[in-house]
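Asker: Sequence:
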Amino acid sequence: MPAAITGCGASLPAGVLTNHDLEAVLETSDRWIVERTGIRERRIADDGESSASLGVAAGRAALADAGIGSGDVDLLVVATATPEQPLPHTGAFVGDGLGLGCGSFDLAAGCAGFVYALVVGAALIEAGNLAHVLVIGTETLSRIVDPDDRATRVLFGDAAGAAVLTASEGPAGILAWDLGCDGSGTGLLGVPAGGSRRPASAETVASRQHFMRMSGREVFRRAVTVMVESAGATLARAGATAETVDWFVPHQANARIIEAARQRLGIPADRTVMNIERFGNTSAASIPLALAEAAGDGRLTAGDRVLLAGFGAGMAWASALLEWGPR
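Counting in the numbering used here, the final residue of the sequence shown is number 369, and the numbers go up one at a time with none missing.
Simulated from the structure, these hints should not be mistaken for laboratory data. Positions of the beta carbon are idealized from the N, C-alpha and C atoms, including for glycine. Do not rely on the hints blindly, as some may be mistaken.
[Unchecked claim] Cβ pair distances, simulated, as ranges:
{"#": "1", "residue 1": "Gly237", "residue 2": "Glu168", "range": "30 to 38 Å"}
{"#": "2", "residue 1": "Gly57", "residue 2": "Gly111", "range": "40 to 48 Å"}
{"#": "3", "residue 1": "Leu68", "residue 2": "Gln305", "range": "29 to 37 Å"}
{"#": "4", "residue 1": "Ala169", "residue 2": "Val67", "range": "44 to 52 Å"}
{"#": "5", "residue 1": "Gly236", "residue 2": "Thr286", "range": "39 to 47 Å"}
{"#": "6", "residue 1": "Glu319", "residue 2": "Ala56", "range": "14 to 22 Å"}
{"#": "7", "residue 1": "Ala66", "residue 2": "Asp339", "range": "29 to 37 Å"}
Model the full assembly from the supplied sequences, consistent with the hints where possible.
Answerer: Encoded structure:
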């Protein structure tokens with residue numbers, strides 16, 4: 043039994059950090075940021091917001107969009123690289139906030155996390171045991187970005203996006219997917235300290251190892267390659283081609299990456315969903331945030347074939363081809 047997306051939701055902090063705001067505190071400019079990333083502003087969580095609170099709001103919106111209540115949810119999967127705390131998992135906080143009584147777990151695959159979670163949720167539905175799975179991608183990346191690092195601070199923002207997966211007897215659902223990871227790239231993007239490999243200490247704090255570090259040039263090069271290869275593999279498994287894709291919804295990492303990937307895939311710009319200009323890179327939240335926007339404004343309609351593609355730290359990647367169902 044295929045699993046189709048029957049509801050979408052999103053949550054954004056009220057705080058906005060523009061490129062002009064960054065000009066006042068970093069050696070950068072609006073023109074430099076826009077030319078290299080396509081970003082003009084990003085949302086920043088305030089002291090009372092967290093990955094869990096944003097996830098709760100996005101999840102609540104997705105449930106309302108699907109027309110179901112908290113008691114109808116059989117499983118919650120939360121994709122995040124910025125968990126509420128090391129223990130317990132973020133899903134416990136989100137589930138409590140939503141009034142869920144079902145099982146939950148977190149999935150950490152960086153910016154590819156939402157597609158990973160979507161595939162896992164669909165697989166469990168297709169196993170025949172579940173009716174509804176709530177999948178949430180939520181991030182507060184501003185909490186792990188070095189405020190003095192121009193290379194990363196201009197890129198990342200905070201947000202959450204969610205989708206309800208429902209067992210479907212119709213043609214709608216996930217048609218094919220591709221997951222992968224090249225662990226040789228673990229040093230290219232990550233937070234060095236705070237885990238079991240390098241526990242927190244006065245030394246790690248003093249050397250700023252609890253902030254994100256990124257080798258931008260190499261991440262860019264790998265990102266374009268793996269997005270194209272993974273999306274191509276997914277299309278091949280579905281017996282589809284780029285010409286049959288109605289909408290391409292890529293991870294919103296960098297406008298230049300998206301442009302290069304869609305050109306190599308042969309997907310027109312007017313069939314590519316982009317919102318990076320307003321929100322920046324929101325990691326696991328970026329794809330569900332873009333989906334929620336495209337579904338909300340009527341761009342996605344029943345029968346559309348929607349190609350998702352993400353990549354991130356690890357270096358992990360994921361893509362999936364969906365047939366959009368009736369709303």
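Asker: Now tell me if each hint is right for this structure.
Answerer: Hint-by-hint comparison with the structure:
The supplied range of 30 to 38 Å is met by Gly237 and Glu168, whose beta-carbon atoms lie about 33 Å from each other. The beta-carbon spacing between Gly57 and Gly111, approximately 31 Å, falls outside the hinted interval of 40 to 48 Å. Separation of Leu68 from Gln305 is about 31 Å and conforms to the stated range, judged on CB atoms against 29 to 37 Å. Ala169 and Val67 have their C-beta atoms about 50 Å apart, which keeps the hinted 44 to 52 Å range intact.
Under the hint 39 to 47 Å, the C-beta atoms of Gly236 and Thr286, about 44 Å apart, fit the expected range. Between Glu319 and Ala56 the C-beta distance comes to about 18 Å, which sits within the given range of 14 to 22 Å. Roughly 33 Å separates the CB atoms of Ala66 and Asp339, a value that falls within the hinted 29 to 37 Å.
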